[in-house]
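Asker: Given next are the chains, with one letter for each unit.
Number of protein chains: 2
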Amino acid sequence: MKRKSLDTEKCPIARTLDVIGDWWSLLIVRDAFLGKRRFSEFHKSLGLAKNILCMRLQKLALHGIFEAVPAPCGSAYQEYALTEKGRRLYLVLVALRQWGETFLFKEGDLDLLLVDRESGQPVKPLELRSQDGRLLGPADLRTINTSDR
Amino acid sequence: MKRKSLDTEKCPIARTLDVIGDWWSLLIVRDAFLGKRRFSEFHKSLGLAKNILCMRLQKLALHGIFEAVPAPCGSAYQEYALTEKGRRLYLVLVALRQWGETFLFKEGDLDLLLVDRESGQPVKPLELRSQDGRLLGPADLRTINTSDR
Numbered sequence: 002m003k004r005k006s007l008d009t010e011k012c013p014i015a016r017t018l019d020v021i022g023d024w025w026s027l028l029i030v031r032d033a034f035l036g037k038r039r040f041s042e043f044h045k046s047l048g049l050a051k052n053i054l055c056m057r058l059q060k061l062a063l064h065g066i067f068e069a070v071p072a073p074c075g076s077a078y079q080e081y082a083l084t085e086k087g088r089r090l091y092l093v094l095v096a097l098r099q100w101g102e103t104f105l106f107k108e109g110d111l112d113l114l115l116v117d118r119e120s121g122q123p124v125k126p127l128e129l130r131s132q133d134g135r136l137l138g139p140a141d142l143r144t145i146n147t148s149d150r
Numbered sequence: 002m003k004r005k006s007l008d009t010e011k012c013p014i015a016r017t018l019d020v021i022g023d024w025w026s027l028l029i030v031r032d033a034f035l036g037k038r039r040f041s042e043f044h045k046s047l048g049l050a051k052n053i054l055c056m057r058l059q060k061l062a063l064h065g066i067f068e069a070v071p072a073p074c075g076s077a078y079q080e081y082a083l084t085e086k087g088r089r090l091y092l093v094l095v096a097l098r099q100w101g102e103t104f105l106f107k108e109g110d111l112d113l114l115l116v117d118r119e120s121g122q123p124v125k126p127l128e129l130r131s132q133d134g135r136l137l138g139p140a141d142l143r144t145i146n147t148s149d150r
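For the protein sequence lines, the chains are A and B, in the order given.
Numbering-wise, my numbering comes out as the position in the first sequence, counting from 1, plus 1.
Numbering-wise, my numbering comes out as the position in the second sequence, counting from 1, plus 1.
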């Protein structure tokens with residue numbers, strides 16, 4: 002299926018999905034957060050075809066989510082490091098993770114926990130708040146056109 | 002490409018992406034938040050092939066994100082309504098939206114704003130906090146195995 006590109010869409014969700022909205026790209030970004038940097042490390046972790054991995058990494062680099070950096074110690078290989086733009090995807094990954102923890106795991110089935118480095122304690126659920134500090138649920142939101150303000 | 006199913010994976014991110022991690026599914030969920038309920042409404046909004054839309058809606062219903070409900074007024078059509086599980090995806094959509102707003106739009110280019118219904122003001126950026134209330138950035142996190150605790 003040829004996918005219609007939504008990169009010029011007005012919706013920021015659609016535009017983001019155009020950049021990172023395939024299954025593999027977010028898993029590559031997840032692996033980078035887990036410390037992986039080399040093509041061979043991503044390949045071993047994800048088990049996807051090398052040509053697909055190569056295309057995904059190139060696309061992510063093109064969009065400034067990764068940058069290719071020389072490997073240490075004069076190795077001929079290059080490594081892939083998350084940029085600041087890439088690191089700011091952590092909230093997307095946390096949102097995916099917490100939804101999955103809540104709805105896709107049975108009690109006691111969860112082996113991996115996201116913790117705060119300093120305390121070693123699990124992080125709190127993500128919070129969306131209003132300007133005056135109220136916690137916002139899905140029914141509290143709406144989308145408006147800026148020209149209507 | 003045949004995709005390896007990650008639904009038995011231990012990682013909640015991978016498991017979530019197995020359910021909603023294709024480009025269209027999240028846009029269908031987004032449209033549902035915008036009030037769309039009928040097949041024809043999703044079709045008109047997204048412009049994807051009817052057979053693909055049908056498969057996506059069926060998969061989302063199978064996973065309990067949508068439920069098929071009879072349309073009002075005795076119409077022969079059915080409608081698709083988000084379940085509680087589906088509505089809890091709002092934080093995933095907000096995280097995608099806010100990242101896109103920050104990194105994929107130029108100043109003044111943003112036409113749509115996510116606002117809090119009560120005040121009409123834009124929502125605050127999502128916050129991830131530690132149990133003792135510290136704001137956590139990407140460098141403050143790590144993943145541990147529950148058996149290591």
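If you're looking for bench data, these hints aren't it; they were derived computationally from the structure.
The reader is advised that the hints may include incorrect statements.
Which copy is meant is left open, so a pair is good if it fits within one copy or across any two.
[Claimed, not checked] Mimicking DSS-like on lysine-lysine, the simulated pairs with C-alpha atoms at most 27 Å apart in a straight line are: (1) K37 x K11; (2) K51 x K107; (3) K60 x K125; (4) K125 x K45; (5) K11 x K125; (6) K11 x K107; (7) K51 x K125; (8) K51 x K86; (9) K11 x K51; (10) K11 x K45.
Asker: All hints are to be evaluated individually against the structure, with a verdict given for each.
Answerer: Tested hints:
1. In this assembly of identical chains, K37 and K11 lie within 27 Å of each other by CA distance solely across copies; the values are 18 Å between and 34 Å within a copy.
2. In this homomeric assembly, K51 and K107 never come within 27 Å of each other (Cα to Cα): the closest approach is 34 Å inside a single copy and 34 Å across copies.
3. Taking the closest pair of Cα atoms, K60 and K125 never come within 27 Å of each other, the shortest separation being 32 Å inside a single copy and 30 Å across copies.
4. In this assembly of identical chains, K125 and K45 lie within 27 Å of each other by CA distance neither inside one copy nor across copies; the values are 31 Å within and 39 Å between.
5. For the identical chains of this complex, K11 and K125 are inter-copy neighbours only, at 20 Å across copies versus 32 Å inside a copy, given an alpha-carbon limit of 27 Å.
6. Within a single copy, K11 and K107 get their C-alpha atoms only as close as 38 Å, which misses the 27 Å cut-off; across copies the closest is 12 Å, which meets it.
7. In this homomeric assembly, K51 and K125 never come within 27 Å of each other (Cα to Cα): the closest approach is 37 Å inside a single copy and 40 Å across copies.
8. Taking the shortest alpha-carbon separations for K51 and K86, only the intra-copy value of 25 Å comes in at or below 27 Å, while the best inter-copy value is 35 Å.
9. Only between protomers do K11 and K51 lie at most 27 Å apart by alpha-carbon distance; the minimum there is 23 Å, versus 34 Å within a single protomer.
10. For a Cα distance limit of 27 Å, the shortest separation of K11 from K45 across copies, 16 Å, qualifies, whereas the shortest one inside one copy, 37 Å, does not.
Violated hints, listed in ascending order, are 2, 3, 4 and 7; each of the other numbered hints is respected by the structure.
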